[in-house]
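Protein chains in written order, with the numbering used here: chain Z, 1 to 250; chain W, 1 to 633; chain U, 1 to 331.
Think of the hints as simulated: they come from the structure by calculation, not from any bench. One thing to keep in mind: the hints can contain errors.
What the hints assert, rightly or not - Incomplete in silico selection of chain Z near chain W, CB under 8 Å:
no., residue
1, L52
2, V55
3, S77
4, D166
Claimed, not checked - Label-pair ranges, simulated between beta-carbon atoms:
no., chain 1, residue 1, chain 2, residue 2, range
5, U, R55, W, D45, 39 to 45 Å
6, Z, D63, W, A561, 34 to 40 Å
7, Z, Q134, W, A561, 33 to 39 Å
8, W, P316, Z, S106, 51 to 57 Å
9, W, P362, Z, R225, 54 to 60 Å
10, W, R436, Z, P27, 46 to 52 Å
11, W, D540, U, A238, 41 to 47 Å
12, W, E600, Z, Q130, 30 to 36 Å
13, W, D384, U, G183, 54 to 60 Å
14, U, G51, Z, P54, 46 to 52 Å
15, W, P362, U, V321, 36 to 42 Å
16, W, T543, U, T256, 57 to 63 Å
To be verified - Some chain Z residues judged to face chain W by a derived CB distance under 7 Å, without partners named:
no., residue
17, M78
18, S86
19, D88
20, P239
For every residue, glycine included, the Cβ atom is placed at its ideal position computed from N, Cα and C.
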Amino acid sequence: MSELVFDHVTVRYGTSTVLDEVSLTVPDGEVVGLVGESGSGKSTLAKAAVGLTPVQGGRILLDGEPIRQRGRRRPVSMVFQDPFSSLDPRMTIGESIAEAIPERLSRADRRAEIVRLLELVHLDAGRVTQLPGQLSGGQRQRVALARALAGRPRLVIADEITSALDVSVQGAVLNLVREMQRELGLSLLFISHNLAVVRYVASQVAVLEGGRIVEHGPTADVLERPQHAYTRQLLAAIPGSNHTQTKENR
Amino acid sequence: MTNRWSRVLKTPVGIAGVGLLTLVLLLAVFAPILWGDKANAVDTDNLLAGPSADHWLGTDNLGRDLFYRVLVATRLSVSLALLATALGTVVGVLLGTAPLLLGRRAGRLVTALVNLLVAFPGLLLVLFFAVVFGVGAKGAVLAIGLAGAPAFARLCQTLVAGVAELEYVAAARIAGVGRFRILLRHVLPNVAEPLVVNVTISAGGVLLSFAGLSFLGLGVQPPSYDWGRLMQDGLAGIYTHPLAALAPGIMVIVAGLAFNLTGEAVAGAFGMSAVTRFGQALQVDTGETPASDLRHDADADRDLVLDVRDLRVSFPGAAGPVHPVRGVSFGVAAGEAVGVVGESGSGKSLTALSIARLVEEPGLVDARHLTFCGTDLLAESDTDQLLGTSLAVVFQDPMTSFNPAMRIGAQLAEVGRHHQGLDRKEASDRAVDRLRAVRVREPERRARQYPFEFSGGMRQRAMIGMGLMGSPRLIIADEPTTALDVTVQSQVLALLQDVRREEGAALLLISHDVSVVSDVCDRVLVMYAGRIVEDLPTADLHTRAQHPYTRALVAAVPDMATALDAPLATIPGHPVDPAQMPVGCAYAARCPLATAVCREQDPALVADTSGRRVACWHAGEPIEMVTAEEATA
Amino acid sequence: MAALTPAVVPTRAAWLRNRWVRFAVRRTGRLLVSLWVLVTASFLMIHFVPGDPVRAALGLTAPADLVAAKREALGLNDPLLTQYVHYLGNLLHGDLGESIQSQLPVAETIGQRLPATASLAFLAFGVAIAIAVPVGVAVAVATRRGRRRRTELAFAGTSVVLGAIPDFLLGVALVAVFAVNLGWFPVAGRDGASSYVLPVLALAIGPAAVLARIVRVEMLTVLETDYIRTARAKRLPALRIHLRHALPNAVTATLTLGGMLLASMVAGTVLVENVFAWPGLGSTIVQSIVSKDYPLVQGTVLVYGVIVLIVNNLVDVALAVLDPRSTIGDL
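Take these sequences, add in the hints, and give me the full structure.
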């Protein structure tokens, strides 16, 4: 695992600037939470890191070198928000994961690797031959995580991976993310609009507003002593955080 | 897959289409072998004769039998049409997938070209190409094939773009899968079905175009003949015997229909599969659900705006009705804020919709008692006036809940026009006033704008303002902030609170988010599998919930006070499918406290002395943490 | 359709004018590009023809010096670019060249024949709309959510069959029945109002069936949208919900296809005119293709193309008026 550095990254779509000189570091083995509202540029930052969107300015470096965007072995992988569109409905779970394994392995080795990955995300090896349609949203998200780990990436980006899930499975996926991070020493950029979720998984948090990072620091510091007005606004808006008090105020 | 193809043959359209198509293809193969000689036999005694026993359709100017000529022409007509279709398909697919393979810039150029060509009607392109390739069968195949390509390319582009946007394609790209492999492995298989269906349907169209071209004398040239050519020959004699022109025409229609119907049936079967699955999902054994407890008489002495008892919603399923809401009873007092929480499929939204009388056929709403402001909604026939002025409804998605083709102001004003007898000016003034009331800045200007000019939060304000055109006693808000950002969410929730206070309206807030409900509401109803499993004050939600489901729901969602060193609670298993409602407590399969009695008898919703209600055999018993490992089982 | 909410007339919306200006600029730009492609294609058409077009037009027996003279007269011996510039220059003056066969100016022939074709196409379009929209809406409302399965089946069956009959065939059948057998209408030619009935019906019935199906599907889709649910939550009368809230949105979605339909009707006249010996552009283009009268083909194709482009742009404008969102789309 290793360090991801966004160095003054700028992304424009037409005339609008989506990311404005964003600088952010995801240190080795840490989880950095990225929060912001829709349109703040969170997902664009993720796409830029994996080469899905062109960058107009700045550099994105992994361990000091530009990220390879060509060839079979990609050092950065990604898990998406919607568990229903992130797996090809016509490919079995095994095929989906196998496609992300860069090495040419013998049939038996590949099979063993898929089983290892499934076990990592607590899925039964018997699921290899199932189609995504037979899985629940939470299970699909586990498969997506297994696929993201298949290329033995140096860093994983998780883009709103729990926001499309029902509350009863959200917790299970978050537990899994924490477990992965602990056991594999994963470096993770964890994107979410939900501060409570970020607080639970991330050691650092960065706040993105209108394409700029307005605040960045250790999670506890940022959440307890927010410096920027926007961060305070975000914290104040969290429902249920302090409900008895809020209600009396109204 | 096989299943779906066999379903094609079970519809009347499918049988007709496939039957006709088989017949046409058999004729195309065998007619020239069987009757080729008869069709070319010259009978100089019978030139241009009418129908007779010897010549069923009469003869042409060389005395050749028209009946056999029509049959024999099947091969040439069909094979030329298929050739042209194949050509159009190949060129179309190449153009249509080019944007994916060539990358952004070249792709945009191809797309622009296709957009330009597709604006011209096929026939015009056919004529253009017919000039270039010259008159004759070969020229016609090239002309019709190439003329069909742009439309096909457009279709292909749309389908490919739809799939290429999906996250599994992005995931494959990130994993380093090459463009060609993505096209072959992910994109084409997922667009193949609609493409095949469209090829089939367009083969019918091509057949007609070909007949048209030959009819104009630009297609097949003598001595060869197809149906269009035969029609052209017959048209001259239409006064004497019209059958000579009509018979080949009928064959053209039959063959065209064969392709069309087959395509439609396949399309229908594929589209229908979702519907059928939905129907199956709603199947349920209609065995009596235990009569849910109706003792919420603690409510009886309060001033109830809404009183619901034993509310049931059913939909027809393939094997009898399905009940997504099974006996829900509760009351909402004047000015009270009641929250309803539950996972997707718990029946919470359907409960809200049925109270608002918005469940449509084939859904059926029934209740022992359903009164709103003292009016029995089930007995009274005309409740529009009452509901239109006293009930406000706010829906989940503000982006889709306004009519896109109507100005916001007009959409508010029409409530005043229809229920309050205001004239146009008064109604639009009131609309502006109501927009101001929900803190929309510059309401005069905003009222003249269209929904697409509003942000999500602004639309939700306008939606609340629409409910305030009358004087609402109850606001039903179904996931009103789910689609909004946190900061906007808190503004909208605060607005709901203010409106409640200013108007004295009660609020029924449906949400999957426990924290939203606990922010706004006095009381929470927790729903699971179509029933209320717990009814308690919000203040007690985090500390004194009795039902194991409520407790798990609260513990599964991290909030700003969640302990960071312990794993989150999880709820194993899946929510219950209304189609497979178990005997006993619906939550038993996921419940750590479940015992034999839970699997046999559905617990009643019982009220305690303080008015809290819970439906559980083991209410309040201690629960051990469920670990992640167990949860994945 | 009712005008959009006359109660709230925009008074000081400078930015809105701006949006419309941008829309107009974009559309005009696209129209010009399309026109240029069309003109270039029609110019190049004659050069795509394999062999010598003049030789092909005059026949194998024509003397060589006549062919050479004709080539010279048509400017075919000049460099391609010169020819192109000439062609464009002449176009600007309304000069479409001269027919090889009749020696008459092409523009004159087209001018004589265009009204017959245009009146046919637009009448047919009007008839198709007048049938399709009410029928489609009524069937959609009646058969919504699986109600009245028989009505739905009957409608689906009829419209599929009618939609599958090509216009020229329908023309032949109509002639056989109503002109030859019953003698109600003339068999062919353009002479008085009664001569319009059969060609217009032949052109309109198929598209009407297709359009009615589309209107029904769009209407059904719209009736399931959230904003119709909102309208029902407002307890508006059913008629208002269907006509004021559902119909404009259903028509918006139908309009694009309606435009393509009108365009294809313009082209469809080619076949129908040949059935009815209608003295319009359609019979001209076929005759000129058969007789390889290339200047005439060029001119006719160009005129047809221009009409289609104009129709498409009118549809775009109508769409923008009905659905303001479409003015902010890209392209």
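Does the structure break any of the earlier hints, and which numbers would those be? 2
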